[in-house]
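Colleague: Residue numbers (the working numbering), protein chains in the order written: chain Z, 1 to 257; chain S, 258 to 515.
These are computed hints drawn from the structure, not numbers from a lab. Check before you lean on any hint, since a few could be wrong.
As the list claims (entries may be wrong) - Some chain S residues judged to face chain Z by a derived CB distance under 8 Å, without partners named:
1) R413
2) A417
3) L418
4) A420
5) V429
Bear in mind that the values here come from a model prediction, so they are computed numbers and not experimental data. No residue lacks a Cβ here, since even glycine has one placed at the ideal position from N, Cα and C.
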Amino acid sequence: MSGVPVRMHGLDVTYRARDATDVSALHAVDLAVEAGQVVAIVGPSGCGKTTLLNVLAGFVPYRGEVSVGDRPPGGRRDIGYLFQRDTLLPWRSLQANVGFALEIRGVGAAKRAAESRALLDRLGLGGFANAYPHEVSGGMAKRAALAQALIHAPPLVLLDEPFGALDAFTRAAVEQDLLRLIEQYGSTALFVTHNLQEAIALSDRVVVMSARPGRIVGDHAIDLPRPRNVLDVQYTDRFARFEKEIWAQLRDHVVVR
Amino acid sequence: MKTPASGLALAAGRAVLYVGLLVLWEILTRAGVIDAFFFPEPSKIAAALGDLVVRGDVVREAWVTTVEMLVGLVVGSGAGIVVGLILVRLPRLERLTGPLVYFLYSLPRIALAPMFVVAFGLGIGSKIATVIFTVFFVLLINTVAGARSVSNDYVRGARALGATDSQIAWKVLVPGTLAWIFSGLRLAVSLAFLSAVVAEFVGSTGGFGYRLQIAAVYFNTVEIFAWLFVLGAFAVLVSAVVGVFERHFLRWRPETLR
Numbered sequence: 001m002s003g004v005p006v007r008m009h010g011l012d013v014t015y016r017a018r019d020a021t022d023v024s025a026l027h028a029v030d031l032a033v034e035a036g037q038v039v040a041i042v043g044p045s046g047c048g049k050t051t052l053l054n055v056l057a058g059f060v061p062y063r064g065e066v067s068v069g070d071r072p073p074g075g076r077r078d079i080g081y082l083f084q085r086d087t088l089l090p091w092r093s094l095q096a097n098v099g100f101a102l103e104i105r106g107v108g109a110a111k112r113a114a115e116s117r118a119l120l121d122r123l124g125l126g127g128f129a130n131a132y133p134h135e136v137s138g139g140m141a142k143r144a145a146l147a148q149a150l151i152h153a154p155p156l157v158l159l160d161e162p163f164g165a166l167d168a169f170t171r172a173a174v175e176q177d178l179l180r181l182i183e184q185y186g187s188t189a190l191f192v193t194h195n196l197q198e199a200i201a202l203s204d205r206v207v208v209m210s211a212r213p214g215r216i217v218g219d220h221a222i223d224l225p226r227p228r229n230v231l232d233v234q235y236t237d238r239f240a241r242f243e244k245e246i247w248a249q250l251r252d253h254v255v256v257r
Numbered sequence: 258m259k260t261p262a263s264g265l266a267l268a269a270g271r272a273v274l275y276v277g278l279l280v281l282w283e284i285l286t287r288a289g290v291i292d293a294f295f296f297p298e299p300s301k302i303a304a305a306l307g308d309l310v311v312r313g314d315v316v317r318e319a320w321v322t323t324v325e326m327l328v329g330l331v332v333g334s335g336a337g338i339v340v341g342l343i344l345v346r347l348p349r350l351e352r353l354t355g356p357l358v359y360f361l362y363s364l365p366r367i368a369l370a371p372m373f374v375v376a377f378g379l380g381i382g383s384k385i386a387t388v389i390f391t392v393f394f395v396l397l398i399n400t401v402a403g404a405r406s407v408s409n410d411y412v413r414g415a416r417a418l419g420a421t422d423s424q425i426a427w428k429v430l431v432p433g434t435l436a437w438i439f440s441g442l443r444l445a446v447s448l449a450f451l452s453a454v455v456a457e458f459v460g461s462t463g464g465f466g467y468r469l470q471i472a473a474v475y476f477n478t479v480e481i482f483a484w485l486f487v488l489g490a491f492a493v494l495v496s497a498v499v500g501v502f503e504r505h506f507l508r509w510r511p512e513t514l515r
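With the rest of the complex left out, here is chain Z:
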């Protein structure tokens, strides 16, 4: 399976706040992502980055034109969504958690076990297949969550600051795992982060959003070669240039006046 193109045109999202006023979360967002492209979305907190992902997942109502592949979002979904907080089900072993997407699709138990086992092995978690989520470390749980979200080789991968809680070393290792998987699957990926280095290291494009209501104010192509090593790539001159260029733009929107 390979990636799908994603298109948004004139996307508006408003939600009703508790005091019954309408708050505009996203306004007139235009974004086209090619199949297989990895796009990072950066911007001040509360600018609607997560809302953008949730629109693509079909979780929130919107106005405007949105398509994932050739269909609007929603209905039977074929996406991998990695959240800030883990969605590992605490009553399932890591292996049963990873096989969940396959189980939902009616894949037989034997094939499910073999595939989830293979993916866990690949991520270095083979010895913990029968452990429950509360029995493993944060980094291991995050890897298992990654496997859970990606085992069905989803054509669209959504990532909502999934690595925020990890220490720097674990983070780099899990990022590398993620990158290898989506490069292999050819998935399209949209990636929300607060970490500019992470954004540049992982993506083909970095999109900068403004404070609420979120609009797209910058779009930077990151033409670093693939496959990439997330750590090595950060010590290249071009990486530093990208970082400077994007930070200059981001600063105007992030820094508190």
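Since chain Z is already given, all that's left is putting chain S on it; use the hints.
Modeller: Chain S only, in chain Z's frame:
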């Protein structure tokens, strides 16, 4: 920490206490301090109990009460869980029916036993109906509360992976609610026992409650006590069975949450 030695000491202490109490009871009754009519000697109760066991009465009445409890529990709890899940999915319906559910839940539901006996007769049907009615609301309310406690992240995660509504219900909400469902079931089991026996008092042709009632009508206090001991033993057994299930299904939980 519990060491084997202190465990043994505890068991010995318990044995001394309980045997001592029985012996004290026997002595006080024989000495005439306690009225033997209302509190017959434990030795007489034990003899009556032995008789009931040998004649097969205990097994026969236990069977009747067990069937009433089990059928009532399975149907009442099952329905309570399913309706609970439906109400979680349809918050508007839940708000609409909320006061009625609360009214019926607050009612001393056993009070409806006479009505069920009138409606369904002296057979086990009226007892099953009483058990279903008492148990249903406990599971309904626990399921709704439990499903609310399941992190919304799990539901969104499953939805993102492509789970349908019924898959979310059975693979996320039910297992996530299992701890609540189990605490509901624990309560339901003792309520089922209570309501089956009380409904048997009201009018029946068999079961523990029936025999207790008969013994009481004949002022046969020895047999009343014999049946009370049977009831107690039965309740302990049932609760042990629930415990086994609970440990099996909640094995995944961290110790602190158990």
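Colleague: Any hints from earlier that this structure breaks? Give me their numbers in increasing order, please.
Modeller: none
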